[in-house]
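Construct the entire structure; sequences and hints are all you get.
Number of protein chains: 2
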Amino acid sequence: MGKFIYQELSDRFEEMIVQGTLKTGDRLPSVRSLSKEEEISISSVYQAYIDLESKGLIEARPKSGYYVKFSPRQMHRITSVNPSKPDRAQKATSLAEEVYTNLKKENLVMLSVNKPDAAVLPVAKLKNSLLQVIRKDPEELLDYNSIYGNESLRRQIARISFSAGITVKSEEIITTSGCLEAIHFALLTVTQPGDKIALESPTYFGLFKAIETAGRIPVEIHSDPLTGIELEALEEAIEEGVKACIVISSFSNPLGASLPDDKRKALVELVTRKNIYLVEDDIYGELYFGNARQKACKAYDTKGHVILCSSFSKSVAPGYRVGWVIPGRYYGEVLNLKMSHSVSTSSLTEIAMAHFLENGRYDLHMRNLRKVLHLQSLQYLQAIHRHFPEDIKVSQPHGGFVVWVELPKGRNTEELYRKALERGISIAPGQLFSQKADLNNYFRLSFGKPFTNEIDMALKVLGELMAE
Amino acid sequence: MGKFIYQELSDRFEEMIVQGTLKTGDRLPSVRSLSKEEEISISSVYQAYIDLESKGLIEARPKSGYYVKFSPRQMHRITSVNPSKPDRAQKATSLAEEVYTNLKKENLVMLSVNKPDAAVLPVAKLKNSLLQVIRKDPEELLDYNSIYGNESLRRQIARISFSAGITVKSEEIITTSGCLEAIHFALLTVTQPGDKIALESPTYFGLFKAIETAGRIPVEIHSDPLTGIELEALEEAIEEGVKACIVISSFSNPLGASLPDDKRKALVELVTRKNIYLVEDDIYGELYFGNARQKACKAYDTKGHVILCSSFSKSVAPGYRVGWVIPGRYYGEVLNLKMSHSVSTSSLTEIAMAHFLENGRYDLHMRNLRKVLHLQSLQYLQAIHRHFPEDIKVSQPHGGFVVWVELPKGRNTEELYRKALERGISIAPGQLFSQKADLNNYFRLSFGKPFTNEIDMALKVLGELMAE
Numbered sequence: 001m002g003k004f005i006y007q008e009l010s011d012r013f014e015e016m017i018v019q020g021t022l023k024t025g026d027r028l029p030s031v032r033s034l035s036k037e038e039e040i041s042i043s044s045v046y047q048a049y050i051d052l053e054s055k056g057l058i059e060a061r062p063k064s065g066y067y068v069k070f071s072p073r074q075m076h077r078i079t080s081v082n083p084s085k086p087d088r089a090q091k092a093t094s095l096a097e098e099v100y101t102n103l104k105k106e107n108l109v110m111l112s113v114n115k116p117d118a119a120v121l122p123v124a125k126l127k128n129s130l131l132q133v134i135r136k137d138p139e140e141l142l143d144y145n146s147i148y149g150n151e152s153l154r155r156q157i158a159r160i161s162f163s164a165g166i167t168v169k170s171e172e173i174i175t176t177s178g179c180l181e182a183i184h185f186a187l188l189t190v191t192q193p194g195d196k197i198a199l200e201s202p203t204y205f206g207l208f209k210a211i212e213t214a215g216r217i218p219v220e221i222h223s224d225p226l227t228g229i230e231l232e233a234l235e236e237a238i239e240e241g242v243k244a245c246i247v248i249s250s251f252s253n254p255l256g257a258s259l260p261d262d263k264r265k266a267l268v269e270l271v272t273r274k275n276i277y278l279v280e281d282d283i284y285g286e287l288y289f290g291n292a293r294q295k296a297c298k299a300y301d302t303k304g305h306v307i308l309c310s311s312f313s314k315s316v317a318p319g320y321r322v323g324w325v326i327p328g329r330y331y332g333e334v335l336n337l338k339m340s341h342s343v344s345t346s347s348l349t350e351i352a353m354a355h356f357l358e359n360g361r362y363d364l365h366m367r368n369l370r371k372v373l374h375l376q377s378l379q380y381l382q383a384i385h386r387h388f389p390e391d392i393k394v395s396q397p398h399g400g401f402v403v404w405v406e407l408p409k410g411r412n413t414e415e416l417y418r419k420a421l422e423r424g425i426s427i428a429p430g431q432l433f434s435q436k437a438d439l440n441n442y443f444r445l446s447f448g449k450p451f452t453n454e455i456d457m458a459l460k461v462l463g464e465l466m467a468e
Numbered sequence: 001m002g003k004f005i006y007q008e009l010s011d012r013f014e015e016m017i018v019q020g021t022l023k024t025g026d027r028l029p030s031v032r033s034l035s036k037e038e039e040i041s042i043s044s045v046y047q048a049y050i051d052l053e054s055k056g057l058i059e060a061r062p063k064s065g066y067y068v069k070f071s072p073r074q075m076h077r078i079t080s081v082n083p084s085k086p087d088r089a090q091k092a093t094s095l096a097e098e099v100y101t102n103l104k105k106e107n108l109v110m111l112s113v114n115k116p117d118a119a120v121l122p123v124a125k126l127k128n129s130l131l132q133v134i135r136k137d138p139e140e141l142l143d144y145n146s147i148y149g150n151e152s153l154r155r156q157i158a159r160i161s162f163s164a165g166i167t168v169k170s171e172e173i174i175t176t177s178g179c180l181e182a183i184h185f186a187l188l189t190v191t192q193p194g195d196k197i198a199l200e201s202p203t204y205f206g207l208f209k210a211i212e213t214a215g216r217i218p219v220e221i222h223s224d225p226l227t228g229i230e231l232e233a234l235e236e237a238i239e240e241g242v243k244a245c246i247v248i249s250s251f252s253n254p255l256g257a258s259l260p261d262d263k264r265k266a267l268v269e270l271v272t273r274k275n276i277y278l279v280e281d282d283i284y285g286e287l288y289f290g291n292a293r294q295k296a297c298k299a300y301d302t303k304g305h306v307i308l309c310s311s312f313s314k315s316v317a318p319g320y321r322v323g324w325v326i327p328g329r330y331y332g333e334v335l336n337l338k339m340s341h342s343v344s345t346s347s348l349t350e351i352a353m354a355h356f357l358e359n360g361r362y363d364l365h366m367r368n369l370r371k372v373l374h375l376q377s378l379q380y381l382q383a384i385h386r387h388f389p390e391d392i393k394v395s396q397p398h399g400g401f402v403v404w405v406e407l408p409k410g411r412n413t414e415e416l417y418r419k420a421l422e423r424g425i426s427i428a429p430g431q432l433f434s435q436k437a438d439l440n441n442y443f444r445l446s447f448g449k450p451f452t453n454e455i456d457m458a459l460k461v462l463g464e465l466m467a468e
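Sequence order for the protein chains is W and U.
Per the UniProt record's numbering: the first sequence = residues 1 to 468.
Per the UniProt record's numbering: the second sequence = residues 1 to 468.
The hints are simulated quantities; they were obtained by calculation from the structure and are not laboratory data.
Treat the hints loosely; a few may be bogus.
The list makes no distinction among identical chains, and a pair is therefore deemed to hold if it is satisfied within one copy or across any two copies.
With a Cα cut of at most 30 Å, we get these calculated DSSO-like pairs of lysine-lysine [to be verified]:
no., residue 1, residue 2
1, Lys-169, Lys-104
2, Lys-209, Lys-196
3, Lys-209, Lys-105
4, Lys-263, Lys-274
5, Lys-169, Lys-105
6, Lys-371, Lys-85
7, Lys-105, Lys-136
8, Lys-125, Lys-136
9, Lys-69, Lys-393
10, Lys-136, Lys-104
The following block contains the structure:
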């Protein structure tokens, strides 16, 4: 899809601001002069400036023009940590349990939960879809779902997969109870108990649990904060016996890294050449702030070495547990696992979700959600800029919900976590995300909740605690 | 709960008819004389006769009185088969796949599916509950469910567990995606890969799959058609290394057997003494035709050796996938598995189900469902009596949905299955239910669908095919 002229202009200015080429207080060219210079209409320039203003990047000063309001500090590239330290699995597990348990406390400002807030979800429209399907055929909602998953829903998933570069028929898709179940089935299919599974370091702590409860062994691979898993390190691990690799290909958790296109291609070539399997977790793929979706790794898969897993939990309804898997040549095995595990998925949630997707509501919602999350990310980053000490580094998210924060070496975010909790604020300490790397001086913040005074105050408190 | 006087009377007559003490054509005492004789009111006798008439057991002849309309043939006790033959696992699996695939054919008379028909489910009332919860708090429905499962629902499950003799708090219950997921978690918790798991023979084919995909080994134990698993055979198997035992304690599938109370107690004592675990599948426990629910095995468990698994799939809404597990001392392990497997279950279906249970709708529905299924069982049995050849034996269900049918030795129900399919009728051939026992001359019929002319015709066709 082509960009509007104003968008192109807005993007160029945003980049200059984010890169630090334009700094806080710098004056932007006048609307008239820019219009002449770029040979575009005055209204396009206005639209671009309004767009930048809505993102909090510039401000209009009466009778004076537009000025840069925010430039993130010259970003020191966030540091990555090699996963080579002694095993701290026990530590990570007990900390995860503590964090989970504490989530039950009331009146917490939740900066730790990696999910979209209800305020940014299509509550009213999904309610509408629900009401319509309930009225249409209440019997169907009660009956066992098809083993494969609801047919209309699978057709819709096939449709939206196209934008990720994946051409797939509904018969090649199996629905699951969320993305994690899809990953679970993929793992059980392509590996044996005792097998080693490579995954990014740091990564979502649920993946460690999934691997371990399946009797497999997680192997952490050094990952770049911007471009994700390091292929050389992965190749070495494969040579040392790794049998499969799980990668969150876009806007990874907690780094926010995305594999560049050529790295995706190289990764698929690597697993194909080594005759192992890539389990691609694409759950954040649709949540890009840029202009287009990146192709999934699965799009580069010609020999059937990639199993794609995803869900609507991060974009439409976490509580619906509607996920899916595109298992390729392992279709029969995954179907067999699903049947033997829980017979089938829920009819009600899948029928409602199919209706939501069929009526163009999903596409409209996603366009809006991307804008809203982009705006929230900028609002949070600006507040972080205001409140956090100078020596704190933060990631620059291009999609998803999370910011990865780095404190100077030697600082302890587990302590910060406990102190913040006392002040009614929940963050996710870095140690959760690795069993091998020392992430004591990192933590993860989520910007899934709309930015409010309360959030601003919470970030201020965090800043004060870090300054102590 | 005490029975009404008319019920006691009706039950006594039903027993005499079923036992063959009263035979087809026998005249029942006049209402007036019976009222005198039993010292009960005339209206109670009338109610009893109306009850028997509604079950198709007696009929009123004008100006003459009530006559026995149906007496099941003097039931030859259905024969059990020892699971000692060479392994036919491959055969059972491929046959199961064939049966599943064929279910997709249109216009089949489904006598093979072990589920209640939508016609006997609370479609309108559940729709009502859904609409109410959607209007009340549409945001909650979208959000991640609690890891433990919806709190209101767990309180309701605790409440209904009481009638099974189980005193349990909501905090001791974890919800699952159906009963099979609960069993899966239980198995993974109490056993290791490679462990042997005892189960009834014959039993639900999904259990074999669940055991095998978990890397455990199924061991079939000879089971009595009426009283379920043989404890002596089980004890031997435990001595030979079995580490856990799965039992469908009430109205088992496909036998329809229920463990008598003393056998339940003895079974729990056995597993406790041997220090192994019982996974109790109680999914049909509430579907009794008699006057009260039997206590679950879990009710006799004082040392924490029984994990109870159940769901609402066979009583309220198969497609909702709302199940639960009471894991006792393994609470933490099961919770961990649930989290690492699919994070949590669906909020929407659990909140709707909780609402349905909170408002007394469930209890009312279950009272009605039991009556309806009882009536259907009698209608099916009468049709079987009319249409099946004399040498066919059938089980006498006291709950649930299924009749187990035995043909003379040497007959082949796989062939019958294929011939029936050609005539548009689906049955479940016996071979599905065992990997070791020769069940070629058995098949399973479900009476989950209301009895209609179409069903009557289908049973007639089956009878003709068997007579060939």
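Hint by hint, here is what the structure shows:
1. Lys-169 / Lys-104: Classified as between; 19 Å across copies, 42 Å inside a copy.
2. Lys-209 / Lys-196: Cα proximity of Lys-209 and Lys-196: in one copy and across copies (14 Å, 25 Å).
3. Lys-209 / Lys-105: within (24 Å within a copy, 41 Å between copies)
4. Lys-263 / Lys-274: For Lys-263 and Lys-274, only the intra-copy Cα distance (16 Å) is at most 30 Å; the inter-copy one is 56 Å.
5. Lys-169 / Lys-105: So Lys-169 and Lys-105 pass the 30 Å test across copies only (21 Å; inside, 45 Å).
6. Lys-371 / Lys-85: neither (40 Å within a copy, 65 Å between copies)
7. Lys-105 / Lys-136: For Lys-105 and Lys-136, the Cα distance is within 30 Å only across copies (24 Å; inside one copy 40 Å).
8. Lys-125 / Lys-136: For Lys-125 and Lys-136, both the intra-copy (17 Å) and inter-copy (15 Å) Cα distances are at most 30 Å.
9. Lys-69 / Lys-393: within (20 Å within a copy, 86 Å between copies)
10. Lys-136 / Lys-104: For Lys-136 and Lys-104, only the inter-copy Cα distance (22 Å) is at most 30 Å; the intra-copy one is 38 Å.
Of the numbered hints stated above, the single one contradicted by the structure is hint 6.
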